[in-house]
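Colleague: Modelling step: build the complete structure from the supplied sequences, incorporating the hints.
2 protein chains.
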Amino acid sequence: MEDFGFILDPAFEATSVSVGKLPLCEVCLQADARWPWLVLIPQKLGLREIEDLNVVQRGQLIEEAVAAGAAVRAVGGVLGLPVEKLNLGALGNVTPQLHLHLVGRRAGDPAWPGPVWGVGAAQAYPVETLAQAVVAARSALNIC
Amino acid sequence: MEDFGFILDPAFEATSVSVGKLPLCEVCLQADARWPWLVLIPQKLGLREIEDLNVVQRGQLIEEAVAAGAAVRAVGGVLGLPVEKLNLGALGNVTPQLHLHLVGRRAGDPAWPGPVWGVGAAQAYPVETLAQAVVAARSALNIC
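Read top to bottom, the protein sequences are chains A and B. With the numbering used here, the residue at position 89 of the first sequence is 89, and numbering never jumps. With the numbering used here, the residue at position 63 of the second sequence is 63, and numbering never jumps.
Treat the hints as calculated values from the structure; they're not laboratory data. Do not take every clue at face value.
One copy or two, it doesn't matter: identical chains are merged, so the pair holds either way.
[Stated by the list, open to error] No more than 16 Å apart at the CA atoms, straight line, and that leaves these computed lysine to aspartate or glutamate pairs for EDC-like:
{"id": "1", "residue 1": "85", "residue 2": "52"}
{"id": "2", "residue 1": "21", "residue 2": "84"}
{"id": "3", "residue 1": "21", "residue 2": "51"}
{"id": "4", "residue 1": "44", "residue 2": "128"}
{"id": "5", "residue 1": "85", "residue 2": "49"}
{"id": "6", "residue 1": "21", "residue 2": "52"}
{"id": "7", "residue 1": "85", "residue 2": "51"}
{"id": "8", "residue 1": "44", "residue 2": "32"}
{"id": "9", "residue 1": "44", "residue 2": "26"}
{"id": "10", "residue 1": "21", "residue 2": "32"}
{"id": "11", "residue 1": "21", "residue 2": "63"}
{"id": "12", "residue 1": "44", "residue 2": "109"}
{"id": "13", "residue 1": "85", "residue 2": "128"}
{"id": "14", "residue 1": "85", "residue 2": "13"}
{"id": "15", "residue 1": "44", "residue 2": "84"}
{"id": "16", "residue 1": "21", "residue 2": "109"}
Just so we're clear, the structure is a prediction, and the values are computed from it rather than from any experiment.
Modeller: Encoded structure:
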């Protein structure tokens with residue numbers, strides 16, 4: 001995937017940590033220990049909507065989303081928050097650079113059964129847990 | 001697409017009207033005139049997560065989602081609510097049958113910039129507008 005000139009919106013750097021890169025997307029771990037939560041950002045300039053990707057890229061996006069779902073389950077294992085339902089969302093109302101959220105949900109979680117976006121304040125990860133979560137996500141995504 | 005035995009969850013029938021069928025998904029118009037809003041439901045039994053589809057079906061799903069985005073813009077035209085940003089969501093925390101929301105958003109809409117799910121009470125469509133919206137969505141989706 002050509003990523004020449006791609007720049008990650010600083011909004012992601014403020015709220016997440018980098019996990020690594022897949023062929024299409026950069027993967028970030030949302031810095032909020034209330035949910036196992038990854039964000040996929042396609043590494044191309046000027047994207048706002050999924051329709052801005054071509055058909056091959058869209059197929060790659062949904063495959064990377066499925067892989068990220070498995071990684072979210074792995075992060076849930078680290079957090080002791082087993083995933084009962086995956087939530088996928090591409091909103092972009094606040095940060096317009098195209099990105100896809102994969103969030104692991106469970107009955108009784110702090111926003112259940114509503115969506116997580118905009119709910120309360122993020123809960124920081126303990127440093128050691130954050131490191132373990134990144135390792136677990138990289139392993140699930142086969143990022144070396 | 002084989003849909004033998006597929007049954008639409010009654011929850012969709014209570015909150016939306018059928019627009020028609022694409023190769024993979026049944027398409028419904030959410031009966032809430034606050035936003036142009038379509039729901040795609042893959043016509044296969046027992047699906048809960050996107051990972052439950054195979055790779056061919058997943059490619060089809062994202063293409064149908066892109067087509068549904070165009071249809072949401074057409075519905076926005078009928079409603080006089082031009083779409084500035086598409087929101088895509090697959091949550092399923094309340095209704096577990098796999099489904100994908102495509103919602104047309106605009107700055108200042110009743111939930112902006114937060115997500116629409118669970119916000120306030122649905123606003124009924126005027127009967128004539130509902131019929132026009134279904135026609136516009138069918139036309140955008142090439143459903144005859």
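Colleague: Quick one: residue 85 to residue 13, C-alpha cut-off 16 Å, is that within a copy, between copies, both, or neither?
Modeller: neither (26 Å within a copy, 23 Å between copies)
Colleague: How would you classify residue 85 and residue 49 at a CA-CA limit of 16 Å: within, between, both, or neither?
Modeller: So residue 85 and residue 49 pass the 16 Å test across copies only (8 Å; inside, 25 Å).
Colleague: Within a copy, between copies, both or neither: where do residue 85 and residue 51 come within 16 Å Cα-Cα?
Modeller: between (26 Å within a copy, 11 Å between copies)
Colleague: For the identical chains here, do residue 21 and residue 32 meet the 16 Å Cα criterion within one copy, between copies, both, or neither?
Modeller: neither (20 Å within a copy, 39 Å between copies)
Colleague: Between the shortest in-copy and the shortest cross-copy C-alpha distance, which are at most 16 Å for residue 21 and residue 109: within, between, both, or neither?
Modeller: Result: close neither inside a copy nor across copies, 29 Å intra and 35 Å inter.
Colleague: For residue 44 and residue 109, with the copy left unspecified, which applies at a CA distance of at most 16 Å: within, between, both, or neither?
Modeller: Result: close neither inside a copy nor across copies, 34 Å intra and 29 Å inter.
Colleague: Please work out whether the CA atoms of residue 85 and residue 52 approach to 16 Å or closer within one copy, between two copies, in both situations, or in neither?
Modeller: between (28 Å within a copy, 12 Å between copies)
Colleague: Checking residue 44 and residue 32: alpha-carbon separation at most 16 Å within a copy, between copies, both or neither?
Modeller: neither (26 Å within a copy, 35 Å between copies)
Colleague: Indicate which option fits the pair residue 21, residue 52 if close means a Cα-Cα distance not exceeding 16 Å: within, between, both or neither.
Modeller: Neither. Shortest intra-copy (20 Å) and inter-copy (24 Å) distances fail the 16 Å Cα cut-off.
Colleague: Are the CA atoms of residue 85 and residue 128 at most 16 Å apart within a copy, between copies, both, or neither?
Modeller: Intra 26 Å, inter 38 Å, cutoff 16 Å: neither.
Colleague: Up to 16 Å between alpha-carbons, please classify residue 44 paired with residue 26: within, between, both or neither.
Modeller: Classified as within: same-chain Cα gap 10 Å, cross-chain 32 Å, threshold 16 Å.
Colleague: Tell me, please, which holds for residue 44 and residue 128 at an alpha-carbon limit of 16 Å: within, between, both or neither?
Modeller: neither (32 Å within a copy, 42 Å between copies)
Of the numbered hints listed earlier, those contradicted by the structure are 2, 3, 4, 6, 8, 10, 12, 13, 14, 15 and 16.
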